[in-house]
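Colleague: Those sequence lines, one after another, are chains A and B.
Just so we're aligned, residue 1 is where the first sequence starts under the numbering used here, counting upward by one.
Just so we're aligned, residue 1 is where the second sequence starts under the numbering used here, counting upward by one.
Calculated from the structure, these hints are not laboratory results.
Some hints here could point you the wrong way.
The list treats identical chains as one, so a pair stands whether inside a single copy or across any two.
[Claimed, not checked] Once the Cα atoms are required to be at most 25 Å apart in a straight line, the calculated PhoX-like pairs of lysine-lysine come out as:
| no. | residue 1 | residue 2 |
| --- | --- | --- |
| 1 | Lys-28 | Lys-112 |
| 2 | Lys-105 | Lys-267 |
| 3 | Lys-268 | Lys-135 |
| 4 | Lys-122 | Lys-196 |
| 5 | Lys-28 | Lys-268 |
| 6 | Lys-186 | Lys-88 |
| 7 | Lys-46 | Lys-88 |
| 8 | Lys-112 | Lys-25 |
| 9 | Lys-260 | Lys-9 |
| 10 | Lys-283 | Lys-256 |
| 11 | Lys-28 | Lys-122 |
| 12 | Lys-119 | Lys-25 |
| 13 | Lys-135 | Lys-101 |
| 14 | Lys-44 | Lys-28 |
| 15 | Lys-122 | Lys-283 |
| 16 | Lys-9 | Lys-196 |
| 17 | Lys-25 | Lys-105 |
| 18 | Lys-122 | Lys-44 |
| 19 | Lys-101 | Lys-132 |
| 20 | Lys-223 | Lys-284 |
| 21 | Lys-149 | Lys-28 |
| 22 | Lys-28 | Lys-119 |
| 23 | Lys-260 | Lys-149 |
| 24 | Lys-149 | Lys-44 |
| 25 | Lys-44 | Lys-88 |
All of these numbers come straight from a predicted model, not from anything done at the bench.
2 protein chains.
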Amino acid sequence: MKGRMQIDKIGEFALIERLARILPKVPKGVLGIGDDTAVLPFSKDKHLLFTTDMMAQDVHFTMRMDPEGIGHKALACNISDIAAMGGKPTYAVVSIAMPAKTDVKFIEGVYKGLARTAKAFKVSIVGGDSIKADKIIINVALLGEVSKKHLVMRSGAQPGDWVFVSGPLGGSFNSGHHLSFTPCVKEAQFLIKNFKPSAMMDISDGLPGDLNHILRSSGVGVKLWPEAVPVYRGCTYEQALGDGEDYELLFTLSPKKAVKLMQWQIKKHVFMFYPIGEIIADKKQRVNVKSFTHY
Amino acid sequence: MKGRMQIDKIGEFALIERLARILPKVPKGVLGIGDDTAVLPFSKDKHLLFTTDMMAQDVHFTMRMDPEGIGHKALACNISDIAAMGGKPTYAVVSIAMPAKTDVKFIEGVYKGLARTAKAFKVSIVGGDSIKADKIIINVALLGEVSKKHLVMRSGAQPGDWVFVSGPLGGSFNSGHHLSFTPCVKEAQFLIKNFKPSAMMDISDGLPGDLNHILRSSGVGVKLWPEAVPVYRGCTYEQALGDGEDYELLFTLSPKKAVKLMQWQIKKHVFMFYPIGEIIADKKQRVNVKSFTHY
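Generate the whole structure from the sequences, applying the supplied hints.
Modeller: Printed below as a string of structure tokens:
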């Protein structure tokens, strides 16, 4: 009998790889584990998107935080995943575990936050589950739709492409931004219709790790322009790279489209998409991952 | 400021009603909270079904139980919900919260159970999330499909209909049946194609409470034949009514179909669908709910 091995010894990504190997292969025409959302057959013109996100008390939120913000976050981080595939969210189910002694008003606050964000993004909350547990755990599973021609995955980055991020990074947890951020559905739709990215995802674990997901999926490397990374006000550079929970879009554009996007920003007097590096062929050139993950 | 009110003071069903009121109304053509699964638009002939179920360590399972059984249960109780609508399961996403010190082999066992049941019921597990928490919590969200003509809801029971249950009840948690039960997809498909029930659901919280869901949704009452309730071997009558987690089908049939089903059982020398009562018009005739719920 082999010895006991603890999860914190192997890390979250290694665990996910081990678990994914146990599961049966998905059928042809289905994109399973490995992108922001699963991509499922739907209709002639559309794919169905399916994603889920779980949050735990004292890990992703505390009982001192605004319950409406917590409800918002639980749904919005899923909406962010749908947006990053080029899709629009549609239907959600919400599960909540809570101690028997929880204040009803707190849970109602969480649901008010869920309701507000659902309304704002035209999501219908159509079901759920509630159970007893020692601490509050919230899980949202969200469906979305995407036109086949609008689908963007992590795997399309090409050498020469520029890497962009849709906003400043860092300090999201400490500043409260993680409870109030707006998922980038509009930004993603704008990009897809005008400058369709070759690869896209949202930043939840932190720029370095998430950019490496794109590199690994696309079989490429990156030359990061580290000083170009936009840093959130009041944050250090290290926080911008290490904190995570930014829920900004991270995407790659062909050089031609990159220039057009920069020209558009100049013309419109806005700067909302920040170029932060260039994709290169050398796969070994990954980003040095800082220690921030939920494990 | 109003006083603090705890969840265990108002109960699970009252809480769900309060929370459901907070959420925005679902669009026309969508069935939201209140049945085994949500029913969503899909194609000309089919509805999409969407459901979720959460399980907590020391509430729905313990660390001494077989991890493969736990994985099985997490998926199978969702499959049971899809079956009870007349549907077949298709795609699932799985979230798991776990302490950093959890044995990797335990989690792998859970996933082996998930994988085995997914394979047996042709479900693809296409995504998930894993987070840190003090105890293990597993959430599965499951999609399914149902032909429009096969959809069965809780709301169709008519006075005169007979009430049936698909198997003996009771002792599921103590006997380990809750870790190894087979969700009644075959049974539900058989019924729908041959004796389409007027209402159907699966028994998860216990016969009395679940039958009352059908009564409430259908606006009817029941005359239960309590001694006809099939009791699982080794169980008391009280356990059969109070334990829950049976995952048998509870359904109603018109008197004509009820007789045909009984004739079919006699002809085939099988007795798998047990008549346990009759639907009556008097709404006040509900089942006296025992105290078993997860709250």
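Colleague: Regarding Lys-44 and Lys-88, is the shortest C-alpha distance of 25 Å or less found within a copy, between copies, in both, or in neither?
Modeller: both (17 Å within a copy, 22 Å between copies)
Colleague: At 25 Å max between alpha carbons, let me know whether Lys-122 reaches Lys-196 within a copy, between copies, both or neither.
Modeller: Within one copy only: 24 Å inside, 35 Å across.
Colleague: Checking an output row: Lys-28 and Lys-119, CA cutoff 25 Å. Within, between, both or neither?
Modeller: For Lys-28 and Lys-119, the Cα distance is within 25 Å only across copies (15 Å; inside one copy 35 Å).
Colleague: Pop the pair Lys-46 and Lys-88 into one bin, within, between, both or neither, using alpha-carbon distances up to 25 Å.
Modeller: both (11 Å within a copy, 22 Å between copies)
Colleague: When Cα atoms must be at most 25 Å apart, do Lys-268 and Lys-135 count as within-copy, between-copy, both, or neither?
Modeller: Neither. Shortest intra-copy (48 Å) and inter-copy (51 Å) distances fail the 25 Å Cα cut-off.
Colleague: From the Cα coordinates, with 25 Å as the cut-off, is the pair Lys-101 and Lys-132 best called within, between, both, or neither?
Modeller: both (10 Å within a copy, 22 Å between copies)
Colleague: Within, between, both or neither: how does the pair Lys-149, Lys-28 come out at a Cα-Cα threshold of 25 Å?
Modeller: So Lys-149 and Lys-28 pass the 25 Å test inside one copy only (19 Å; across, 28 Å).
Colleague: When no copy is named, should Lys-28 and Lys-122 be tagged within, between, both, or neither for a Cα gap of at most 25 Å?
Modeller: The answer is between: 14 Å across copies meets 25 Å, while 31 Å in one copy does not.
Colleague: With 25 Å as the alpha-carbon cut-off, assign the pair Lys-44 and Lys-28 to within, between, both or neither.
Modeller: Cα proximity of Lys-44 and Lys-28: in one copy and across copies (16 Å, 23 Å).
Colleague: Between copies, within a copy, both or neither: which fits Lys-119 and Lys-25 at Cα up to 25 Å?
Modeller: Between copies, since 10 Å is at most 25 Å while 36 Å is not.
Colleague: Checking an output row: Lys-149 and Lys-44, CA cutoff 25 Å. Within, between, both or neither?
Modeller: both (11 Å within a copy, 23 Å between copies)
Colleague: Given a CA cutoff of 25 Å, do Lys-283 and Lys-256 count as a within-copy pair, a between-copy pair, both, or neither?
Modeller: within (23 Å within a copy, 69 Å between copies)
Taken one by one, the earlier hints fail for this structure at numbers 2, 3, 5, 9, 15, 16, listed in ascending order.
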